[in-house]
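Listed below are the residues making up each chain.
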Amino acid sequence: MEKALYTIISNELIADKTYRMRLAGPTGSLKRAGQFVNVAVDGFFLRRPLAAQEWDPESLAVIYKVVGQGTEVMSGMQPGQGLELLCGLGNGFDAGACRHSALIACGGLGASPVFSLAKELIDAGKKVCVVMGFNTAADAVLVDEFKAMGAEVHVATLDGSLGVKGFVTDAIKAAQPQFDYFYTCGPAPMMKAVCTSLEGPGEASLEERMGCGCGICYGCTCHTNSGAKRVCADGPVFKKEDIIW
Amino acid sequence: MVTAVDLCGVRLANPVIPASGTFGFGLEMAGEYDLNVLGGISLKGSTREPRFGNECPRIAETPDGMLNSVGLQNPGIDALLNDKVPALRKVYSGVVIANISGFSLDDYVYCCALADKCQDIDILEVNVSCPNVHGGGMAFGTSACAAAEITAAVKAVCTKPVFVKLSPNVTDIVSIAKACEEAGADGLTLVNTLLGMRIDINRRVPILANRYGGFSGRAIFPVALRMVNQVARACSIPIMGCGGVSSASDVIEMMMAGATAVQVGAENLRNPFASKEIVEELPKIMQKLGIEDINEIIGAV
Numbered sequence: 001m002e003k004a005l006y007t008i009i010s011n012e013l014i015a016d017k018t019y020r021m022r023l024a025g026p027t028g029s030l031k032r033a034g035q036f037v038n039v040a041v042d043g044f045f046l047r048r049p050l051a052a053q054e055w056d057p058e059s060l061a062v063i064y065k066v067v068g069q070g071t072e073v074m075s076g077m078q079p080g081q082g083l084e085l086l087c088g089l090g091n092g093f094d095a096g097a098c099r100h101s102a103l104i105a106c107g108g109l110g111a112s113p114v115f116s117l118a119k120e121l122i123d124a125g126k127k128v129c130v131v132m133g134f135n136t137a138a139d140a141v142l143v144d145e146f147k148a149m150g151a152e153v154h155v156a157t158l159d160g161s162l163g164v165k166g167f168v169t170d171a172i173k174a175a176q177p178q179f180d181y182f183y184t185c186g187p188a189p190m191m192k193a194v195c196t197s198l199e200g201p202g203e204a205s206l207e208e209r210m211g212c213g214c215g216i217c218y219g220c221t222c223h224t225n226s227g228a229k230r231v232c233a234d235g236p237v238f239k240k241e242d243i244i245w
Numbered sequence: 001m002v003t004a005v006d007l008c009g010v011r012l013a014n015p016v017i018p019a020s021g022t023f024g025f026g027l028e029m030a031g032e033y034d035l036n037v038l039g040g041i042s043l044k045g046s047t048r049e050p051r052f053g054n055e056c057p058r059i060a061e062t063p064d065g066m067l068n069s070v071g072l073q074n075p076g077i078d079a080l081l082n083d084k085v086p087a088l089r090k091v092y093s094g095v096v097i098a099n100i101s102g103f104s105l106d107d108y109v110y111c112c113a114l115a116d117k118c119q120d121i122d123i124l125e126v127n128v129s130c131p132n133v134h135g136g137g138m139a140f141g142t143s144a145c146a147a148a149e150i151t152a153a154v155k156a157v158c159t160k161p162v163f164v165k166l167s168p169n170v171t172d173i174v175s176i177a178k179a180c181e182e183a184g185a186d187g188l189t190l191v192n193t194l195l196g197m198r199i200d201i202n203r204r205v206p207i208l209a210n211r212y213g214g215f216s217g218r219a220i221f222p223v224a225l226r227m228v229n230q231v232a233r234a235c236s237i238p239i240m241g242c243g244g245v246s247s248a249s250d251v252i253e254m255m256m257a258g259a260t261a262v263q264v265g266a267e268n269l270r271n272p273f274a275s276k277e278i279v280e281e282l283p284k285i286m287q288k289l290g291i292e293d294i295n296e297i298i299g300a301v
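Chains A and B, in that order, are what the protein sequence lines are.
The numbering of the first sequence is this note's numbering, which starts it at 1 and goes up by one.
The numbering of the second sequence is this note's numbering, which starts it at 1 and goes up by one.
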């Protein structure tokens, strides 16, 4: 974990009420895709936990949707402004668990934390199929970026405005991807459907209201098949067989 | 410049202590900085049996503060004494404060007697003020009689200093503090969280699954300060001041109100490095205020 002041490079609207913020600052504490940062927003007591979408040695990107007052304030921030982040939080995905080919199933902004995972898998010579679900085409993020990195991409929208009409699980059924390991991130009902419908091993990134984000307050503890676990520090990524839905 | 303070014969290199429940068992932060900069660490509240605590959500934000309804998640007294404390001692030589909670007089006596025998624990903090558990915790700390009864029973089985952590959710904290002092308490920790609530106005439900939770953070500092001052003026045993402390100047203010040591709580959650930063800042503000020995300001107001 590292606490530092970052400088906003850009803060762009990329989908409906959805922004990508690029920040310049230290990223050495980010070790694995699926880790997150905790953003201090002036005027708000607690930080906002956001997944690192991608990073290089000098900068990182987060994607967020305006869902409350804190993210509303963030959406108005300008390049050049400073933001204090706690960086390198959470355990992240186990890219090594996939031998040859991976299925990545994501819903909404769940596409953000799996983005670097897909890149890492492809760079390691593995085959990646990404199945993405959104409510509607206006919510879609990162679809072209996943395609550009060489992943096989399938999209489902609830209203049929983009890709298959239906849920992520419908698109998976239609695509029939071959994989030896799956990764999922998105709304809990979607991840539950993915984890309970897919044969074979996999892991999911859970979400819970957090206090500290770094394991000291025990505010985000969930029940798992291996006992009580803190979503922020023991997770957010848990193996399929550990998760109690 | 003197920053060391004394709590019933236990020396703290400085008065800054992460408060119970806001710093885990210390170990969680051991990889982030040298814990030895801290005056003491008050460990997460522990009970006779392991507890999961309440269901999530158990965190909600408020203006300048937060609510929690964690509900004493802990691995139980045996794991505290056999695993957590010995592991902490490998990396930390400062003062260790065990925070004990219970659901009956017998629970408190049982756990405190065990903790008292643990050589790695310096001070016992008896939590009669947790607002997040039913049939225990705060139920004892909101009655002078019950608080005194627990204090006396715990003191009868302990040789180490016993601090009783009191609830602010009372009409007269001074009478409860005095009852604990008369029952033999060596010191007091003031205060635990204030009972609060937030509602999700879109869904028309409480944000916390437990409905209510403990309110902490900067917003409660003036309330905590007032209670520390009221009790300090009425009692002669030392006080660990707690509630909304977020800076070295708050530490000074809390000590001027009457605290001998100061616990940093919710601020650790927004900034896990807060306690360390406050320790680093303390000598600078002492210099600015012309304070040579921090003990000279205790109860100055």
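None of these hints come from the bench; they were simulated from the model.
If you're wondering where the values come from, they're calculated on a predicted model, not measured in any experiment.
For every residue, glycine included, the Cβ atom is placed at its ideal position computed from N, Cα and C.
Accuracy of the hints is not assured; some may be wrong.
A few chain B residues that don't get close to chain A, going by computed Cβ distances all over 10 Å [stated by the list, open to error]:
| # | residue |
| --- | --- |
| 1 | T22 |
| 2 | P57 |
| 3 | T62 |
| 4 | V95 |
| 5 | A183 |
| 6 | L195 |
| 7 | L269 |
Computed cross-link-like contacts, EDC-like style, restricted to lysine to aspartate or glutamate with a CA-CA straight-line distance of at most 16 Å [as the list claims (entries may be wrong)]:
| # | chain 1 | residue 1 | chain 2 | residue 2 |
| --- | --- | --- | --- | --- |
| 8 | A | K229 | B | E32 |
| 9 | A | K3 | B | E55 |
| 10 | A | K3 | B | E277 |
| 11 | A | K229 | B | E55 |
| 12 | A | K65 | A | E84 |
Okay, the calculated beta carbon distance ranges per label pair [unchecked claim]:
| # | chain 1 | residue 1 | chain 2 | residue 2 | range |
| --- | --- | --- | --- | --- | --- |
| 13 | A | S226 | B | E280 | 24 to 32 Å |
| 14 | B | E296 | A | S226 | 31 to 39 Å |
| 15 | B | K117 | A | D42 | 26 to 34 Å |
| 16 | A | S10 | B | E296 | 34 to 42 Å |
Hints versus structure:
The non-interface label for T22(B) is inconsistent with chain A: the shortest C-beta to C-beta separation is roughly 6 Å, within 10 Å. Not every beta carbon of chain A lies more than 10 Å from that of P57(B), the smallest distance being close to 4 Å; the non-interface claim is violated. Some Cβ of chain A comes within 10 Å of the Cβ of T62(B); the nearest lies about 7 Å off, and the non-interface call is violated. Non-interface status of V95(B) relative to chain A is upheld: no Cβ of that chain comes within 10 Å, the nearest being about 18 Å off.
Distance to chain A confirms A183(B) as a non-interface residue, since its nearest Cβ pair spans about 31 Å, more than 10 Å. Remark: the non-interface label on L195(B) is consistent with the geometry, its nearest Cβ contact in chain A lying 17 Å away (cut-off 10 Å). Taking the minimum C-beta to C-beta distance to chain A, about 4 Å, the non-interface status of L269(B) is violated against the 10 Å cut. Only pairs whose Cα atoms come within 16 Å are accepted, and K229(A) paired with E32(B) is rejected, the gap being roughly 20 Å.
Straight-line distance between C-alpha atoms of K3(A) and E55(B) comes to about 30 Å, which puts the hinted pair past the 16 Å bound. For the hint pairing K3(A) with E277(B), the CA-to-CA distance comes to about 12 Å; that is within 16 Å, so the pair holds. This hinted pair checks out: K229(A) and E55(B) have alpha carbons roughly 12 Å apart, not beyond 16 Å. Under the criterion of a C-alpha separation no larger than 16 Å, the hint pairing K65(A) with E84(A) is inconsistent with the structure, at around 19 Å.
At about 38 Å, the CB distance of S226(A) to E280(B) disagrees with the hint of 24 to 32 Å. Checking the proposed 31 to 39 Å range against E296(B) and S226(A) shows it is violated: the Cβ atoms sit about 52 Å from each other. Checked against the given bound of 26 to 34 Å, the beta carbons of K117(B) and D42(A), roughly 48 Å apart, lie outside it. Range check, S10(A) to E296(B): about 53 Å between beta-carbon atoms, so the 34 to 42 Å window is missed.
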